[in-house]
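J.: Letter by letter, the chains look like this.
Number of protein chains: 2
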Amino acid sequence: MSSENSPTRIRILKAAWELLETNPGVAARMSDIAKKAGVSRQALYLHFPNRTELFIATTKYQDEMFGVQDMLSKSRAATTGHERLDAFIEAWGNYIPKIFGVAKTLMVMQATDEDAARAWGERMQDMREGCAAAVAALDRDGALNLDPEGATDLLWTLLSIPTWEHLTQLCGWPQERYIATIKRLALGGLTTPPHAPNAA
Amino acid sequence: MSSENSPTRIRILKAAWELLETNPGVAARMSDIAKKAGVSRQALYLHFPNRTELFIATTKYQDEMFGVQDMLSKSRAATTGHERLDAFIEAWGNYIPKIFGVAKTLMVMQATDEDAARAWGERMQDMREGCAAAVAALDRDGALNLDPEGATDLLWTLLSIPTWEHLTQLCGWPQERYIATIKRLALGGLTTPPHAPNAA
DNA sequence: CGTTGACTTTACACAGTGTAAATTTACACC
DNA sequence: GGTGTAAATTTACACTGTGTAAAGTCAACG
Chain Z
0 MSSENSPTRI
10 RILKAAWELL
20 ETNPGVAARM
30 SDIAKKAGVS
40 RQALYLHFPN
50 RTELFIATTK
60 YQDEMFGVQD
70 MLSKSRAATT
80 GHERLDAFIE
90 AWGNYIPKIF
100 GVAKTLMVMQ
110 ATDEDAARAW
120 GERMQDMREG
130 CAAAVAALDR
140 DGALNLDPEG
150 ATDLLWTLLS
160 IPTWEHLTQL
170 CGWPQERYIA
180 TIKRLALGGL
190 TTPPHAPNAA
Chain C
0 MSSENSPTRI
10 RILKAAWELL
20 ETNPGVAARM
30 SDIAKKAGVS
40 RQALYLHFPN
50 RTELFIATTK
60 YQDEMFGVQD
70 MLSKSRAATT
80 GHERLDAFIE
90 AWGNYIPKIF
100 GVAKTLMVMQ
110 ATDEDAARAW
120 GERMQDMREG
130 CAAAVAALDR
140 DGALNLDPEG
150 ATDLLWTLLS
160 IPTWEHLTQL
170 CGWPQERYIA
180 TIKRLALGGL
190 TTPPHAPNAA
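Sequence order for the protein chains is Z and C. Sequential numbering of the first sequence, starting at 0, is according to numbering that gives the first Met the number 0. Sequential numbering of the second sequence, starting at 0, is according to numbering that gives the first Met the number 0.
To be clear, the hints were calculated from the coordinates, so they are not data collected in a lab. Hints may contain errors.
Short, incomplete list of chain C residues facing chain Z, as computed with Cβ under 8 Å [what the hints assert, rightly or not]:
1. 153
2. 161
3. 165
Predicted model only: the values in this text are computed from it and were never measured. Backbone N, C-alpha and C fix where the C-beta goes; we use that ideal spot for every residue, glycine too.
Turn these sequences into a full structure, and let the hints guide you.
T.: Here it is as structure tokens:
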């Protein structure tokens, strides 16, 4: 399996990344990836036990390259619950397009491949933690309209990748509109207004 | 291809239906379906040109069996926009669990199969019409908060199958809670309250 | 100079889809 | 009863893609 960051391993990961990004969900063949990486198909199996694990490694590589942890932790800086909610939505919502190609592939594979399902499930569970934290902040402000569990579920759903895909890919919404709308929807769905809104 | 409703054809469709329902998204093999239908694998090809078309035919068969048209047209009876929105959400939202198994399969295949993508796209486009009609009703009442196009996109997304899947399958919400929440979210996201709400 | 590690090359087993053609079964009509 | 015909079955095969296996190349390192 060779060392964790051998140059060839990295080249393979980058090749997979590019291929999945240009063709989201289609699951490039091993031979395609090998070709793109400039190695033999068999070489892929020297670094990854199988196709699924290669793709899982690709998501992890992306997370590492982009520094998801840093990015999401910034949203924890916000003081009020509302600010924190917005910051989290912005952070994650703007992260989705960067990872969509690979993510979509894993989501599709999830249906038939147990390992893919497990890996993807864990990843989504991590994201849920972020939602839970934002909800907790709202709760501390006494702004929450629902039980924290349900509110987390709801935010988690609004920020799910299929929702992003539907609005931006299918409906053709620009990213900013997506972000703005999810913010509005989340705020309306989770919180109760702090004081009388636009009433006469 | 034999006649449209030969008994064997129906048996095959029912077999596919059952298999896809018990194992959503996994795309049963032709041999599995044949076995379940009690015919030879080759017989499937006498009735359907390929696996994709068999699954597409299965969704159409479901729609026919359940009478989607009737069901959705009932939501058109409601007078006010608000009532109509609720009726539509209830009709479609309660239809999803009935078709989920087969639908999920087609959604997964969509990524790799062009025919599946086209068929599924058309189906979702039909559903969008329903959303547009509900939005139009709200607009006539002057209750709409957004442009009709954007409101339709939003309702369409809230009522999408992945959203249902996320809340009921992943989060484990009971169907009624799903319906109630989507109603609330849609109302809040699309409309502006008719008069001053709970302001002091 | 020999060893070691990384990669290539060639070959193959296996699963699943779809094509093809010969054969069986059953029923319908004269 | 014999013939024709449609629906299925049976058998065989081509093709694609994954993953395994093993032998060979080649350069670096000691």
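J.: Each hint should be assessed against the structure and marked as holding or not.
T.: Quick rundown of the hints versus the structure:
1. 153: 7 Å, holds
2. 161: With Cβ-Cβ at 3 Å, under 8 Å, it holds.
3. 165: 5 Å, holds
This entry satisfies every hint, going by the numbered hints stated previously.
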